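Given chain A's structure and the hints, the job is docking chain B onto it.
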Amino acid sequence: MGEAILFWFFGGLTCVLALLVIVMRNPVHSAMALIGNLFCIAALFAMLDAHFLAAIQVLVYAGAILVLFLFVIMLLNLKDHELGNARQTATKIAGAILLCWVAFKLIFRVMPSTTAGFPAVGDDYGTVETVGRFLFGPHLLPFEVASILLLAAILGSVAIAKKKLW
Amino acid sequence: MSNLVSFGYIVPELLLGAMAVILFLLSAMRRRNLLRKTIFPGLAILGLMAALSVLVNRTSGGIFGGDPGCISGCSLFFGLLATDPLADFFRILVISATTICVLISIGSPALPKGRTGEYHGLLLVMCLGMCLLSAANHLLMVYVAMETVSLCSYLLTGWDARKCRSREAGMKYVLFGGVASGVMLFGMSLFYGLFGDLSFQGLHLALQGSGALSGAMGQWAATLSVVFMFAGFGYKIAATPFHMWCPDVYEGAPTPFTALLSVGPKAVGMALILRFFYSIFLFPGSMETVIGASGQIPWLLLIGIVSAVTMTLGNLAALVQNNVKRLLAYSSIAHAGYILMGVTAGGQEGFEAVSLYMAVYLIMNMGAFAVVSLVEKASGSEELQVFRGLGKRAPLVALVMTIFLISLAGLPPTAGFIGKLYLFAALLERGGFWFLMLALVGVTNSVVSLYFYARVLKSMYMEKADTDLPTIPIRNPAAVTATALSFATLFLGLFWQPLATAARWSATLFH
Numbered sequence: 001m002g003e004a005i006l007f008w009f010f011g012g013l014t015c016v017l018a019l020l021v022i023v024m025r026n027p028v029h030s031a032m033a034l035i036g037n038l039f040c041i042a043a044l045f046a047m048l049d050a051h052f053l054a055a056i057q058v059l060v061y062a063g064a065i066l067v068l069f070l071f072v073i074m075l076l077n078l079k080d081h082e083l084g085n086a087r088q089t090a091t092k093i094a095g096a097i098l099l100c101w102v103a104f105k106l107i108f109r110v111m112p113s114t115t116a117g118f119p120a121v122g123d124d125y126g127t128v129e130t131v132g133r134f135l136f137g138p139h140l141l142p143f144e145v146a147s148i149l150l151l152a153a154i155l156g157s158v159a160i161a162k163k164k165l166w
Numbered sequence: 001m002s003n004l005v006s007f008g009y010i011v012p013e014l015l016l017g018a019m020a021v022i023l024f025l026l027s028a029m030r031r032r033n034l035l036r037k038t039i040f041p042g043l044a045i046l047g048l049m050a051a052l053s054v055l056v057n058r059t060s061g062g063i064f065g066g067d068p069g070c071i072s073g074c075s076l077f078f079g080l081l082a083t084d085p086l087a088d089f090f091r092i093l094v095i096s097a098t099t100i101c102v103l104i105s106i107g108s109p110a111l112p113k114g115r116t117g118e119y120h121g122l123l124l125v126m127c128l129g130m131c132l133l134s135a136a137n138h139l140l141m142v143y144v145a146m147e148t149v150s151l152c153s154y155l156l157t158g159w160d161a162r163k164c165r166s167r168e169a170g171m172k173y174v175l176f177g178g179v180a181s182g183v184m185l186f187g188m189s190l191f192y193g194l195f196g197d198l199s200f201q202g203l204h205l206a207l208q209g210s211g212a213l214s215g216a217m218g219q220w221a222a223t224l225s226v227v228f229m230f231a232g233f234g235y236k237i238a239a240t241p242f243h244m245w246c247p248d249v250y251e252g253a254p255t256p257f258t259a260l261l262s263v264g265p266k267a268v269g270m271a272l273i274l275r276f277f278y279s280i281f282l283f284p285g286s287m288e289t290v291i292g293a294s295g296q297i298p299w300l301l302l303i304g305i306v307s308a309v310t311m312t313l314g315n316l317a318a319l320v321q322n323n324v325k326r327l328l329a330y331s332s333i334a335h336a337g338y339i340l341m342g343v344t345a346g347g348q349e350g351f352e353a354v355s356l357y358m359a360v361y362l363i364m365n366m367g368a369f370a371v372v373s374l375v376e377k378a379s380g381s382e383e384l385q386v387f388r389g390l391g392k393r394a395p396l397v398a399l400v401m402t403i404f405l406i407s408l409a410g411l412p413p414t415a416g417f418i419g420k421l422y423l424f425a426a427l428l429e430r431g432g433f434w435f436l437m438l439a440l441v442g443v444t445n446s447v448v449s450l451y452f453y454a455r456v457l458k459s460m461y462m463e464k465a466d467t468d469l470p471t472i473p474i475r476n477p478a479a480v481t482a483t484a485l486s487f488a489t490l491f492l493g494l495f496w497q498p499l500a501t502a503a504r505w506s507a508t509l510f511h
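Protein chains in written order, with this note's numbering: chain A, 1 to 166; chain B, 1 to 511.
In isolation and in its complexed conformation, chain A is listed as follows:
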């Protein structure tokens, strides 16, 4: 019962904050809503016994990445007229309706039909040790490829930003 209350609380808050991210006019407010949203998702992870993920979610997303977002927004310092007017076009409304329909189907039709049949997780599920074992065991290759990917991304962006080209 307690878990259900917590789930609906954090889940509902996640959805509300996610909506706020896209409807807020001021980008700083959107970023703040996103921080709240990421915290709520971290709480959901914690409730699913994925403690490591919950900690990483707060550290990396809510901490580092969102601070970067805020830096960029404040550096750009966009005025109201530069943000442009929000327009309600027919496409947007049609898209929203379609998306609501998809969400409705997923939540009320698909979810009940798939909840059965998953094995229970072990006691050590989601701990740092288990995640580490997976990362350096079966999932070693994506881990290593990600390091090459990040290396290339860092070097490339520095090279692009460099002033002296010739």
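No lab work stands behind these hints, which were simulated from the structure alone.
In this text the structure is predicted, and so the values were computed from the model without any measurement.
Don't take each hint at face value.
Once the Cα atoms are required to be at most 27 Å apart in a straight line, the calculated DSS-like pairs of lysine-lysine come out as [said to hold, decoys possible]:
1. B:K172 <-> A:K92
2. A:K162 <-> B:K163
3. B:K392 <-> B:K377
4. A:K162 <-> B:K377
5. B:K37 <-> A:K162
6. B:K392 <-> A:K162
Frame of chain A, contents of chain B only:
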């Protein structure tokens, strides 16, 4: 297979990665002119050739890379990768494409000279990502490899930071790419939620077993997630409705890199689509029942519609282009549509036709972009009007371009004709009404495409050159590469049997 054993099978990728790191390190050292001009491209080509030779050696049953028993396919890294003829065929394709790109890049004015080392390093990392993507057998690996390819492409698209158009293209590519991979990830997460597995084999079993997909709703969710994932795949091959980035990005990117961009990601995207659809919706060991195995969901109809719309839209939009790079961009969208016809046809023939067409497309499209790069280098523009009188000014370059354009239009005696022949044959083999209709759309589109390819020809041979247009120097690597590619186009148009054999060999999948 365990990690340590598996590393023996990805020696080409390891070589590419090592050479990329060497290039990155060297580019951090003090710059000497000699280093920029010859050492960097030389090292890149060395790495690519080493990877290619290991690969060819293994596929022909050589001494490197493990036991020959694995030739027909086995899984690596606990099922993350598969090594099979499909992966090896497309790896050879993308390594060749990257090599051609390095050759065309030599001396190109669109590439800032001060960062040649980083440029080649990024090309190698992109090639590594493409190799992994063509072997990926697990959705996690698909995502990581795809991001590797995408990030390098974003950077290299915006590489010519002096030009506003290049920066704009890079930015557009990042935004479109981010949205596409977000949608794809959502689809993958739905799949994981439904089946609790991300490996293709696991998904195959889950989809066949009645457990998770008992109700109509399970089917519905699976369809939705595959459609979402197709957004990511379709974005890589530039299929409608995910093609919008294509013309601007191709136009803005440095021309030598556009050549690779129009071929490499498309090839591995096709490899991924083939592997995904054939290993998930197919009974193991058979190539024939793509529809039957997937229950009530008409996958082939969906891909067929995407194919028809893609080629029609690409060809119609190409009709009005005056910039040759943009024209080739729309033509490459149309070609994605043609190749999807092969996927629609399915079965052994469809598979072979896709592989074969991809190889042919690589040769002719990279060749065409090589010529555009040459012309751009000499005259500083790639508008149609700088091609005027090319037949008089630079007869060899004009002749080479003519061969590529004829091949792209799909006329004999070029390789493009053979490629189209195989695609249409696969569809006709299939034989149903809708397959014939799709073939009809394809033929109509080929006729339409003649018009805009002929416009370039007309410009080269019939129109008088403006007086101040320069001649095109032909003693450089790019021109030699283009000429060699045109020979290959003609040769494969007359003696296509080796390529057809390779394509037949490639149509084996790890199950």
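Cross-check of the supplied hints:
1. With a CA separation close to 21 Å, the supplied pair B:K172 and A:K92 stays within the 27 Å bound.
2. For a cut-off of 27 Å, the pair hint linking A:K162 to B:K163 stands: about 14 Å separates their Cα positions.
3. Restraint check for B:K392 and B:K377: the C-alpha separation of about 18 Å stays at or below 27 Å, so the hint holds.
4. A hinted pair counts as satisfied when its Cα atoms are at most 27 Å apart, and A:K162 with B:K377 qualifies at roughly 24 Å.
5. Between the alpha carbons of B:K37 and A:K162 the distance comes to roughly 20 Å, so the proposed pair stays at or under 27 Å and holds.
6. Between B:K392 and A:K162 the alpha-carbon distance is near 42 Å, which puts this suggested pair outside the 27 Å criterion.
In summary, the structure is inconsistent with hint 6 from the numbered list given earlier, while agreeing with all the others.
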